Every structure is written in C-alpha cells, then in structure tokens.
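Peer 1: Assemble the complex: chain Y is given as a structure, and chains P, E, V and X with the ligands must be docked to it using the hints.
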Amino acid sequence: MPDTPLLQVTGLNGGYGGKPVLQGVDFHVNEGEIVAIIGRNGVGKSTLMKTLIGLLPNQRGTVHLRGQQIDNLSAHRRARLGIGYVPQGRDVFPRMTVLENLLVGQSISGRKIDGMLEQVHGHFPILQERASQRAGTLSGGQQQQLAIGRVLMGGPSMVLLDEPSEGIQPNIVQGIARIMVDLNARTGLGVVFVEQNLDMIRAMAQRCYVMDKGRITASLTRADLDDQDRLRSYLSV
Amino acid sequence: MDNASPLRRTLALIQGPQTLGRGRRFWAGFAVVLALACAYPMFADSYDVGNNVYFFNWLFMALGLSLIWGYGGSLSFGQTAFFGVAAYCYGVLTINLGDAYGLTLFSLVLAVACSALFAAVLGYFMFYGRINGVFLGIVSLSVTLVLERFMAQTAGPEWAIGAARLNGFNGMGGMPSLTIPWPGGPIVLYPDLPLYYLTLALLVVIYLGLRILVNSRFGNVLVAIRENPLRAEMLGYDIRRYQLMAFVIGSALAGLSGVLYTSWGNYITPASMGMTAAALPIVWVAVGGRGDLTTTLVGTLLVLIVFQMLTIHGSQYALVVMGALLVVTVLVAPRGIVMALVEGAMRLTRRKEAR
Amino acid sequence: MTHILETRQLNKRFGGLHVTGNVDFALDAGEMHCLIGPNGAGKSTFFRLILGEHLPDSGQILFQDQDITRAKPFQRIRQGISVKFQVPGIFKELSVRQNLVIALQHHVDPRLLAEEIDRLLEFLNLSHAQAQLAGNLSHGQKQWLEIGMAIGLKPRLLLLDEPTAGMTPDETHATGEMLKQLNAEGMTLLAVEHDMAFVRQIAQRVTVLHLGKVFAQGSIDQITADPRVAKIYLGEVDA
Amino acid sequence: QDTTPIKLGVLEDQSGDFALATIGKVHAIQLAAEEINAAGGIDGRPLELVEYDTQSDNTRFQEFMRRVLQRDKVDAVFAGFSSASREAYRPIVNQFDGLAFYNNQYEGGVCDANMIVTGAVPEQQFSTLLPYMIEKFGPNVYTIAADYNFGQISAEWVRKIVEENGGKMVGEEFIPLGVSQFSQTIQNIQGAKPDFVVTLLVGTAQASYYEQAGAANVNLPMASSVNVGQGYEHKRFKAPSLKDMYVTVNYIEELDTPASKEFVEKFHAKFPNEPYINQEASNSYAAVYLYKQLVERAKSTDLAEIRKVIAAGDVCVEGPGGQMCIDPKSQHVSHTIHLAHVTADHSIEFPQKWDGIKPYWLGDAGCDLTKDDPSAQYTPSNPPPKS
Amino acid sequence: MVDSLNLVFSFLYQFGDAFAFLVLSACGLAVIFGMMGVINLAHGEFIMCGAYVSTRAAHAGVPMPLAILLGAACAGIAGMIVELLVIRRLYQRPLDTIVATWGISMIVTQGMLILLGPSMQGVGTPFGSFVVGGYSYSVYRIILMLSAVATLAVLWLMFTRTRFGLLSRATIQVPHVAEALGVNTNLVYSVTFGLGAALAGLAGGLYAPTMTLVPTMGASFMVEAFVTVVVGGADIFLGTAPAALILAVIKAGLTSWQGQLAGQIGLLIAVIIVIRILPRGISGKILRERG
Ligand SMILES: Nc1ncnc2c1ncn2[C@@H]1O[C@H](COP(=O)(O)OP(=O)(O)OP(=O)(O)O)[C@@H](O)[C@H]1O
Ligand SMILES: Nc1ncnc2c1ncn2[C@@H]1O[C@H](COP(=O)(O)OP(=O)(O)OP(=O)(O)O)[C@@H](O)[C@H]1O
Ligand SMILES: [Mg+2]
Ligand SMILES: [Mg+2]
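First to last, the protein sequences are chains Y, P, E, V and X.
Per the numbering used here, the first sequence runs over residues 1 to 237.
Per the numbering used here, the second sequence runs over residues 238 to 592.
Per the numbering used here, the third sequence runs over residues 593 to 831.
Per the numbering used here, the fourth sequence runs over residues 832 to 1218.
Per the numbering used here, the fifth sequence runs over residues 1219 to 1509.
Bound-form chain Y, shown alone:
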C-alpha cells in the first residue's frame, strides 16, 4: 500500500512550553521501511521523537499512523497502536530488576506474546544472565540493550529509536543493526531512528532525513548513504 504510508508527519510544530523547537517538520515512513534521522546536536531530533510518541504536545501539524490521525492521542494510546519508543539516555526503571523492566515492555501490546522473552534473551544474552539485577546498577551499555529489549517485548509494529548505539560496544552495535534489519525483513517492522554513528546508519537505514534548526532539510537515498563524504557534510557545522 504505497499510498498510505506507515507514518506521515506534516507541518509538525512542537517544543517545550513557550520555546518552539520543531518548526514544521514534514516526512514520512513507508510500510516496512527503516529510516534514519541525522543532524547536529540540539537541532530537535529528540524533540521530534518525543512529539511523535506523544510525550510532548504538538502545537501544529498532524501525525498519521497508517492513515489514522494519532497526534491527539495520549502517549500510552499511541504505544498501544504498536509504536515502541527507546528514549535517549536509556531511562530504564532503575529500582526494578532487568526481568521486570522487560515485562513492563509488554504493555505496548497489552498482552504477553509467547516466546518473545526468549527471543529478546537470544538477542541480548546479558539480559538473561542478569535477570534479577536491579537495572539501575547495569553498566551504561547494558542499560541501552535493556531499553531496546524492553521495547521489543511488546511486539511493536514500528519503533522509534533515539541514538540506539550510544554507549554500546562496536560488535553489539553491529548486532543491534542486524536484529533490526532482520525484524524488518521478517515482520515488516518499521523503524525510525536518530543516529550519529555512521556505521550504524549505513548498516541499517534504507533512507535518511537530515534535520536542522527544527526542520527536515534534506532527504537522502540509500545511494547517498554510501557516500561517506556526502553524509559527513550533512552533519558538520
């Protein structure tokens, strides 16, 4: 169904209280696509993610998921529609165990999905090994793995990842990229991710948007992505 994209964002404005950050963001993600968003520090990437999931109100513009307008829904309702969100800076539930953190992730679908826990453990063995450690005491990279695993637990149909590679060791970064690509291929999982790590972008993204000063300023194709210098130029000052 190429005519109803998975996610359609038009003219989105948003920010914090009186301070506008997003100034009319337009982009879309097609069904079964992995799309990256890149941009320098402070241009509003995280703000965009938070507005998409509904943690920040949008002041103008619309967000449609498979043709359904969702920008008027609360965050948990959007999540129930199958959107998973991994925040920047991990935000695991620090005083709950690793296993409990994963179980909370099931709420996205509101039910337990058989075999999902085993799958997640398969992706991230450390989460099984440390199942009863309190999440707040995990190392930074372990927390990041937990945050990704947690969102997968709910079997989302699309995920928003905010800098998923941050703090993760190189081979696991590759692993995460593989997992996402694999899920995308098997289940049609849609992925929107913000990233600075060029290796990861190249390993995962099918398309890429460049963001600057609260707007989408360029849209790159897969071919553009393979052009290292071109990509770099979008991220430099």
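If you are wondering where the hints come from, they were derived from the structure by calculation, not from laboratory data.
Don't take each hint at face value.
[What the hints assert, rightly or not] In silico lysine to any residue, SDA-like type, Cα no more than 20 Å apart, as pairs: (1) V:Lys1066 to X:Leu1334; (2) V:Lys1024 to X:Leu1225; (3) Y:Lys19 to E:Asn603; (4) Y:Lys213 to E:Gln724; (5) E:Lys664 to P:Met482; (6) V:Lys904 to P:His550; (7) V:Lys904 to V:Asp1133; (8) V:Lys1074 to X:Gly1383; (9) V:Lys1069 to X:Phe1345; (10) V:Lys1097 to V:Lys838; (11) Y:Lys112 to X:Gly1279; (12) E:Lys664 to P:Asp475; (13) E:Lys823 to E:Gly810; (14) E:Lys823 to Y:Gly175; (15) V:Lys967 to V:Lys999; (16) Y:Lys112 to X:Asn1402; (17) V:Lys838 to V:Phe927; (18) V:Lys1069 to V:Tyr1107; (19) V:Lys1066 to X:Arg1274; (20) V:Lys1069 to X:Gly1279; (21) V:Lys1092 to V:Lys1184; (22) E:Lys746 to E:Met770; (23) E:Lys772 to E:Asn717; (24) V:Lys1066 to X:Gln1339; (25) V:Lys1069 to X:Gly1342; (26) V:Lys1074 to X:Gly1342; (27) Y:Lys112 to Y:Ala131; (28) V:Lys967 to V:Gly997; (29) Y:Lys112 to X:Gly1383; (30) Y:Lys213 to Y:Arg60; (31) E:Lys805 to E:Asn603; (32) V:Lys904 to P:Asp475; (33) E:Lys684 to Y:Asn41; (34) E:Lys805 to E:Lys664; (35) V:Lys904 to P:Asp282; (36) E:Lys823 to Y:His123; (37) V:Lys967 to V:Lys1074; (38) V:Lys1069 to X:Ala1278; (39) V:Lys1217 to P:Pro394; (40) V:Lys1189 to V:Phe927.
Quick caveat, the model's predicted, so the values are computed rather than measured.
Peer 2: Relative to chain Y, chains P, E, V and X with the ligands alone:
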C-alpha cells in the same frame, strides 16, 4: 572591576544569580518598602505594632529554612527543635540572671549559640552519617518530637534549672523581656516601638546578609549540592561541610526566632516543638517560594497575616479556608505565591504598556 | 615520578559479581590513554574506584605516588583529578553559566572568573545558551557542558567516560583535537570510549578491560590487530 | 446614664483538639449575655461579645489576648481550656493589667490578681470523691493520668488524699498526650489488683482507654475529676465501657435540680445541636453572672474597683449546679460538688452531693491576693514562699 | 512454669498489639510514599474517613466486617478524588505535596467538625474478652493482629504477583517512559493513591470500635505511621514488615518496662538510631546487599 576592593566585591554579591530582584527598580522598591516599614508605627496603634513584631519573629526561622531547604536542598522538618532549644535556653538564662546590665542581650546571644551548637551536633550526626532526602526530614522531626514529649513531662518541681522551672506542658513563663541598658534607665523591649525597630533592623541585616551569603561562593556550592550532590563533590567540594554549615546557620536563625518569640510573650511551651508547629515553617516557606530569600520573606509574612485575618474573621471556617488556600496556591503557583504575584503584576504592566 | 596514577591489585565485588579483579594499571604522566572493553567490563566502575565513589574491597590506588585508596572523593579532586561521567552530571536547575561558575570559582581568581568562563563557553560552543537552564539542553549539549566543567578544574589527570557519546563525527573529531591540545598543555588523559575512530585519533596507548581484568594493552594498531579483542569487542568492522 | 456596651472577650477553641469540650463554653457565654441584655444589661449597659477562635493553639491565645486587650479594649476576657493556653495568655493579661476569667476545672494553684477561676480544683473534687471511693470499694488505688501538669499535679493530690484517708497507692502511670493505645496499661492495672482506678485522662485520644479497658473486661470501678464532666465519654462510648465510673462535678447536664433543668432547657432551645452541656459550659455561664454582679456592685469595670468588691468576700451567684462564691484570697470559687455515678447502661445517678466546698488550699498555703499579687502558679510540692 | 508461659503470652500479646497498630497505620502511607514518593499528611484524615464511614454503617445495621470494608472503600474513593483534583498535578514536585496534603487535612478535619459535630458515638468493641493467667484480654485485639498480617500478605501478593504492581512501580520510577511503553499512567497513579487511601480507611475501620471518634482522631496514628514507613525505607514490602517488627519489640518492651512515655520516646530515638545505621532504611539495606 579589577581594582574593586574585597569589600566592594562582597557587597556586589547582594544581588546575583541566586537571588531574585536585581537592578535599580528592585532596590528602589526595597527602599520604599523599608521606608514604609520604618514609618509604619506612626500610622498604626500599638496593638498593630506589637502584632507586627510577632509576625517578624517568625521570619527568621523561615529565612533559615529557606537557606537549608530552598538553597541547600535538605528538607529539615525539625526547625522548631532549634526554636525550642533557644527559647528554653533564653528562659532559663534570663530567669536566673535577671534583666539588669544587658544580661538579657547576653542571654539572647548565648541561647542562639546553644541552638547553633545543638544544630552542629545533630547536623554532624546526620550529614556525616549520609542521611538525606526524606530521611533527614524524619530524623529532624523525630528529634523535635522527642524534645516536645520530654519537655511536656517536666511539670514536677524536680525539673528546674536554678530558679527556672521548666514547668512541663503548661510552659515556662516569667522570663523578662529583652532589655537594653540605658543611662536614663533600662529600656524594656515590650512589644512596642523599640522592639519593632530592633526586630526590623535585625531582619534587614539578616536578609541582606543572607543575600550576600547565597550569592557568594558558599551559596553557589550550596545550590550545586541541591542540584546534584555527586557532581558537586566531584568538583572538589566537601559537600557535607557545606550542608552542615547551612544547617547550622539556618538553625541558629530558628533559634533567634525562638528567643524573640519568648521575649515577646514571656512564655514558651513544648507545643512550640510539636507536630503542628513543626509543619508550619515548611508551609510558609513552600507557599512563599522556598527557592528564594525574598519570596520566602514576603510569602511568610503574607501567609501569617492572611491566616491571622482569617482566624479573626472566619471563626470556625477559618481553618477550612486556610486549607483551601494552601491547596490552591500549590496548584496555581508552582513556584510559590509571591513569584506568581510578581509574574502576574509584570504581565499586567506589560499589557498596559502594550496598549 | 613517572606514573601519575597507579592501581595495585584492585578488587571490587558487587554481591557475587567480581567487577574488577586484581587490576594492576599504571598511567604515565602526560600520556593519552584509552580504556576500552565490552559493555559491563568494569570501565565505569574502575573510574568510580579511582574517584572514591566506590571503595575497593582490596588493593591500592596511588596518585602522584600518594596513596589515595581511602581518601574522600573531594580530596582526590583537589589533588588534581577530574571527571566527566558517562551519564551527564550537571546542575539541571541552574543556568549553563552558573554551572561553570561553580566548577571554576574554586581555583580561579574572582576577578578573572567572568572572562575565563566566557572563553570556556565560546570553546564549548554554548555561548548562545549560557543563560538557559542546563537541564533544558539537548543531550549532546549536556555532554559538552559536562566536559567543560571537567576541564575547567584544570586537573592534572582528566577521566572521561564516553566523552563523545551522542556527538556527530565532526564534533567527535573536534573534541579529539581539543583533548590533544589540553594534553599538549600537560594534562594526562584517560578516556573510556566505544568509538574506535576517536580512540585512534587520540590514544597513545590502549588498555582493554574484559570481565574486570586487564585483557590486553598496547598501541591502537596492536589492539585492533588482536583477534581476541576483535572477538570479544570489535566485531568485523574496523578490525 | 452610661449605655456604652461592656465588652467581653471570648477566647475559646472552636476548632482543633479541644473543640469537643469548648464549643459549649462559647454557647453558654452567648446564652448568658443574651439573657442579661434582654433584662436590660449590666446597669443599663449591654454586653457585647468579642469572640475569636483560638484553634487549640497556644500562640493564638497570645495573639488574641493582646488583640482583645489592646485593640478591642474589652473589659474582661473569658479565656482558655487547657492549662497551657492559660499560661500562654497570663503574662499578657498581667502586662496590660486586664481581667481574665478561666472557667475551667484544672489542677489548681494559680495565684494571680488578674485572674478569676470559676472551675473546680483538685482539693474540691478529690477531698470529696476519694474518701467516698475508699469507703465504698476499698483502699487500693491505681492512678492513670495524662503526663503533663494537670495529670501530674492531680495525681499528686490523689496520692496525698488517698494516704490521708487510709488508702494505699498500688500503682500510678502517666500517659503522654495523644496516646490512644492502652493494652499495656490495662495489663499493668490488672496486675496491680487495685480496688478502683483513678483516671485523669485528657484529650480525645486518651479517652479511648475506656473502650479498650471495657473490651478487655477490666471491670473495676473508676474515679475521675475530669472525665465525663468535660468530655461526656459516657455519651460517646457504647455501654457498658464506663460502668461504675464516679466523678465529682460541679455540674453536668443530667443533674436533676430545678435550676439545672431550666438551664438545660434554655440551652437546648437556643442551641439545638449542642451534643452535651458539660461542667465548663455551666461555669462559663455562671461566670458571666458573676461578672455582672461584680460590675454592678463596683459601679465600674475598673479592675481595682472590682477587686475591692471581691475583697468583701460575699460575691455569690446561683449557678446551674448550685451556689458559687468567690474566695477573695485566691479568686477561685466555691462549689456544690455532685458525685455522678455512671451506671451499666451509661445513665447517671447522683449518690451524694457536698455543698459549699471551698478552694481552700491556695489560701491556706499562703496565697493572699488581697495583700499581694505574685502572679504565679503553685503546687503542693512547690507552695508559695512563706512570708 | 505456667507463670512464665503466661508472661510469654502477655508479652506476645503486647508485641502483637503494637505490631498490628504499626502495620495497619503505616500500610496506606507506605504505599503512597513508597510507591509514589508523596508524603501524605492527610493520611490521618483517610483513617478518620474509614472510621466514620464504618461506624455510620455499623449504626445503620451493616455487619461489622462489611462496615469496615465499606469504610475502606469510601476512603479509597475519596483518595482517588483527591488524587485526581490535586495530587496528580504535583508528581513532579513531591515536596509541594506536603503543603497540599496538609491543606487537605485542615479542610477535612475542620469540615467534619462543622458538618458532623465534635464527635460521633462509638459502636463498642465486639467479641468480648478471654482470660489467660489472671489477666483478661480483648478478643478483638487478636483480630486486629490477624488483620495486620493478612493485609501485609495481600499487599505482597498484589505487588509482586500481579501486573498492576509491576506497572505501578514502573510508572512511579520513570513516568514518561512507562507512558510511552503503553502504560496508562494516570490510571495507575489514581489506583495506587486510592489503594493507599483505602488501606488507611481500613485501619480506621478496624480501629474505630476501639477508639474515640473525633475529627482529629487521625493524628494519633501519624507518628507511628511515619516512623514505620521511614525506618522501613522506600520498598514497602521489604521494609514495612521488618520495620514494624523491630519497632513493635522496642515499643512493647519499653512500654512494659518503663511506661508509655518511654515507649513513645524510645520509638522516636530508635528511628534516629536506625536511620543513622541504615541511612536508606531497612529496605535500602536489603536491596543493596542483594546488589
Ligand atoms: N526540557 C527542555 N526544555 C526546554 N528546552 C529544551 C528541553 N530539552 C531540549 N530543549 C532544547 O530544545 C532543542 C532541541 O533539543 P533536542 O533534545 O531535541 O536536540 P537533539 O537534536 O536531540 O540533540 P542531541 O543530538 O544533542 O541529542 C535544544 O536547543 C535544547 O536546548
Ligand atoms: N551496584 C552494582 N550492583 C551490582 N552490579 C553492578 C553494580 N554496579 C555495576 N555493576 C555491574 O558491574 C559490571 C561493570 O559495570 P560498569 O558500569 O563498570 O561497566 P562498563 O565497563 O562501564 O560498561 P559500559 O561500556 O556498558 O558502560 C556490570 O556488569 C554491571 O552490571
Ligand atoms: Mg537528542
Ligand atoms: Mg560505563
């Protein structure tokens, strides 16, 4: 800037990032308010003057709590313990020493020092024992409740220090008011003009002094500890020492309130350290806006005045209205009532200017 | 004094987990050293031990030949260690400028403080945001601010836990250059990083930590060429 | 003729812990004032009440005592329930040389020319109650008392009078204010095997003792100077938890005399929601009439003139519970003391009464306000200095 | 021999009595504080609400156990309303909840006095008494002890074995992430606060037959409740029960040895000492050891 003397530099700290109110307009306003306060007794009867002194008495404790809680981030639920300790010390000292030769003033200093010492001991126990957050609040509350319960049962004649009977729950009375020795006969500071000016002067001095303190390096570290104690320590600050110092200063101010209150009414009871009494300073400071000295000062005064007016005119309904006011204030004025009022006023003037 | 920092048989456990095991580690004065290793290898814990946030179960830590194993954190900072944490530790409710004031007031002459901070803000690219509350910065900006506070202390030894996380490649590169400059001015650097490009850019020596133990040590080329390191850590890229 | 109103300040707790026992006092004062005004006032001057709710808070007493004396310039003040609140305002009354009526049963001992106390004191209540109890139930006495001045001093009186009457203390326990759980106390009492228990409990929390002792089936006779008469526990707790409670009161609502019945009728007609008319309400009511007489005879509201009248020694009124006369030495009041017995179904019978019981102790001990004014509070173990 | 058995029984009874009082007064507060970080100074008023409602119901002929549950339910509903109107807006500012709940407590206490008068007639303690070794004891006190244990057990099951417990803990720790993971955080807050209030109401209902019913009655629970919660620490299950155990031993011991004042002061001093030794309360200690 370079050749500014240390004194000038210290004075410049009277305004800074840690306090609201900067620039000419603020200080002009301050001068006007101060002038009004000085002129006030000319237009008011002696009841109002004395009643205002009574309000002023509490402000020191509120300012102290603002320092400890608002700036330092440690919620002490037991400021009344220091209030009580200083108050009883003052009572015991003056009943035994009498009011001649300025001994009441000496007793004031000694009583405040006692509360500071007590705060230093308790504070050392708490801060160096790494007690923080609500636990700090509850330990300090427990201490004040222990003092209350203990003092409440000292009714018997065996509970006397020198000539001073502690006198249990009924409270200790009969201590002299503050008295200034004067060539033409000592001035007894009854709740009237001289006491009004003395308290006002103390208030101004302490308010300005605290402003300097919180904008100084000490104050910077204090707010840093409030925001992120670990980070503050990792910048090389001995955070426990700073917390302790703020606690001692704030508690000494609570002690000052205690002495002034006792001298004002010639009376102190254990109830002044009870649960209700202990919660009140927190309410004043939170409602006024704990993060700033000026809002604390004005807010506390406002709450005291409004609550008294409500009690006078509201009979049985006073408490209901007070409760409702507290709830509404917290809901509509997250940064304290004074901040809300100031912002509201600014918005109004701006709108007028726009027209 | 050749070693500015030295740990001897440093041990730390959490419950049953041996997080650092008999770590012998020495850092030469004036070098730029990177600490790498898998997630959970114990890198951040090692930092916390050096800083005194955790006390070791056994072993010794020497800084400039002085035993600081039991010293309080603030005392270690005063002796010339400084840190940028993995998770930004800033004063959220204070302005960006105020954050730096607190970091610098300790050792900068009050008369020069304002200038010094202006320079630092410029350097961190945060001049435009100096009046903003630090909590409202973007993630990357917070990292910058934190680095600014750490170097503002003018330490002899600077510990950096993932300084470039969340930065664009260009910014990462700029950070590397900045660190090199600081190093040239005499600061010893110990950084934890997962970004190999950055490690390659700055590190004179690299130590790999694995399961709480020193797993390998050497130049970046030696490390990347080590198949064991590739297996546990690097994967196929960059190997 | 002077028709400016005579102003009476009324500082009573209409909210907070003590409201239960004190709202009735305010109403009683209102009732008396209304009657007096309807009958033409005091020498043609109407009474005007200036009321403040002191919220069971000592500091409010200080604030408002200053207010009524300085701002409202009242001629007399009726103020206070707890002894602490009285002690809180007394320095201020002294400072402004005002006149305050304390219309409350209390631990006794206030020797202060600015105060008139219309409540009963321990010697009046215990010298009557305890001999009766010892004779009727036996000599072994256990006291539980609130752990503060009232309880401790009252317990001291109990000890003294029990020993004077050949009884024996088998136990004494003090309960901090606000305590509401009594399992251990109940066990201690059972262990000591007294013939009766003297309960000097204060505040609503402590009253829970009765329910809990009842539930544990302690089943001992009880004696008190304060419970029932103030907090009408027999009305609030389910029978038979106060069974065989004996209290000496100078008034309670059940008193079966014509004066009492008339008072109850008037009171309930005006305040139909009043749950109970306690001893303190009656004292407050009578106090207004005492004041009326004092002013009429002094022909002035001036304190010095009024005290001259008091010094004459014959100021008496007929209160709802009987005759009350002011003792010039202590400015306390003599009472008719009624022994109230709570039966198994919580009805009250009055097995005995004593007329004209005087507040003798202060005067005997050396307080003489006609001579000098120490403005102090004394106790048997801390008596006035012998001059 | 028999004598010493009697002694043991009497101490156990006193201990159980203190334990029940501590647990029941603290549970509601512990849920609200431990789970939500809200210091609820209106806790006593929810207790009073439970006591009043259950007493009214009992007067109207509702059987006692039902009346008590009704009291708990009403307090719970009142709690949810308070949460909706006030507390919900203050989660980001937990210290302001001190002021707000203090205000609510003033409104409720005085409002009750105005509406229902200064006191309410009690219903009397049911079940009579029994005798062991010359001392007679109230049967109802045993019921209270059993209720305390049952309450702890139910709560434990609820928070560890149900999804609600999981989601509420997640919500309280990082609300925005929980929300983004599909948790209806508003509902969770509301139910959690309601549960805390209902537990307070339950305590009120259970103690109503044994106490004076006045608008300020909640105050006599407050100190014990706070002390227990704080000694227990942030995790209510790991903390509250052991805290209540320790404090009950201290309180019962000191009270029987030196009287009520010693019991009261001892309790407070125990708090100071325990917190000094375990700065994060008992559960903080347990959690740290577990790693
Ligand atoms: N809570 C907040 N309140 C106010 N302003 C904020 C807040 N969080 C972020 N901002 C501001 O909004 C702008 C965009 O921030 P955002 O976090 O979206 O950036 P970003 O593109 O994700 O950057 P980074 O790569 O550093 O994570 C920044 O200028 C930042 O200062
Ligand atoms: N308080 C604690 N209790 C139990 N385990 C802990 C605690 N703190 C850390 N750990 C464990 O110790 C190990 C080392 O953690 P550390 O944070 O030092 O790793 P790291 O090398 O910095 O990893 P990363 O690259 O992911 O940041 C991890 O397995 C972590 O789960
Ligand atoms: Mg971001
Ligand atoms: Mg780490």
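Peer 1: Quick check: which numbered hints come out false for this structure?
Peer 2: The structure conflicts with hints 3, 8, 10, 11, 32, 34, 40, although it agrees with all the remaining ones.
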